[in-house]
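Colleague: Given next are the chains, with one letter for each unit.
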Amino acid sequence: MMEQPHDLTVDTPRTWERPVVCVPVLVALSLVGGRFPSFSTEANVYVFGAGGVLIWLGLTKRVQARPAPERLRPGAVWWTLPVVVFGIFEGVTFIAAAGDDFPTFSLLADPLLEDRLVRSAAWLVWLSAFWGLVRR
Amino acid sequence: MMRALAIGGFLVGLALFGLVEWLARREGSKIPTLGELCGYVMRYEVGPVPVGRIGLFGFWWWIGWHFLAR
Chain A
1 MMEQPHDLTV DTPRTWERPV VCVPVLVALS LVGGRFPSFS TEANVYVFGA GGVLIWLGLT
61 KRVQARPAPE RLRPGAVWWT LPVVVFGIFE GVTFIAAAGD DFPTFSLLAD PLLEDRLVRS
121 AAWLVWLSAF WGLVRR
Chain B
1 MMRALAIGGF LVGLALFGLV EWLARREGSK IPTLGELCGY VMRYEVGPVP VGRIGLFGFW
61 WWIGWHFLAR
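Sequences listed follow chains A and B, in order. Going by this note's numbering, the first sequence opens with residue 1, and the numbers climb by one from there. Going by this note's numbering, the second sequence opens with residue 1, and the numbers climb by one from there.
Careful, some of the hints might be misleading.
Stated by the list, open to error - Heads up, incomplete: computed chain A residues facing chain B, CB under 8 Å, no partners named: (1) Trp16; (2) Arg73; (3) Val85.
Said to hold, decoys possible - If you want the ones that stay clear, here's a sample from chain B, every Cβ over 10 Å from chain A, calculated: (4) Glu36; (5) Val46; (6) Gly47; (7) Arg53.
I should point out that these hints are in silico values taken from the structure, not numbers from a laboratory. Just so you know, these numbers come straight off a predicted model, no measurement behind them. We put the beta carbon where it would ideally sit given N, CA and C, even for glycine.
Using the sequences and the hints given, assemble the complete structure.
Modeller: Written out as structure tokens, the structure reads:
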């Protein structure tokens, strides 16, 4: 059999890397994660377990990665704008330590995350972004 | 008053993340997407150690623990 030249072959993602598989898995994991309240042992174990597996996948490069840019386009500097705005407010509210009068982002998020559905949605955002990082 | 200022500041920060990402996704944009930016950072290695990957994975792991476990 004739061997295909490398640049003509296309790497197809494995079955479990396809959206039709990984999206329902991420949703299921998020629904489970949303059941565990803050400060519970289950929540800590689940975060460390899920994060640990994803980091292992990402560092061992067992997942097909997208090509990373060798150089950044000049407009990359615009990303400093949201980072600086968010960082200033987080830093100032943290240093002020004024509690609910001048809350940090974490203090504002805590009551929202007590709702199980919102908590599951936050889990989905966290896991999806983590999966995106693993695939980079 | 100060509470409203903090909420407004964080909302503006989040909106700016969305705005820059939207601008980056336009045809012919000179701004990289957040994913491309992360991909670039993750290329950084010191010798055989993938410092960029470890740094971003560690940061995101901590974010999850901070908001979802404590």
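Colleague: Decide, hint by hint, whether the structure agrees.
Modeller: Hints, one by one, checked against the model:
1. For Trp16/A, the interface hint is violated, the least distance from its beta-carbon to any beta-carbon of chain B being 20 Å, above 8 Å.
2. Satisfaction of the interface hint for Arg73/A is found here, the shortest Cβ-Cβ separation to chain B being roughly 5 Å, below the 8 Å cut-off.
3. For the restraint placing Val85/A at the interface with chain B, the shortest Cβ-Cβ distance is roughly 4 Å, inside the 8 Å limit, so the hint holds.
4. With 10 Å as the threshold on Cβ separation, the claim that Glu36/B sits away from chain A is violated: the shortest Cβ distance comes to roughly 5 Å.
5. No beta-carbon of chain A is positioned within 10 Å of the beta-carbon of Val46/B; the least distance is around 15 Å.
6. Distance check for Gly47/B against chain A: the nearest CB is about 15 Å away, which clears 10 Å, and the non-interface claim stands.
7. Distance check on Arg53/B: its Cβ comes as close as 6 Å (rounded) to a Cβ of chain A, failing to clear the 10 Å threshold; non-interface status is violated.
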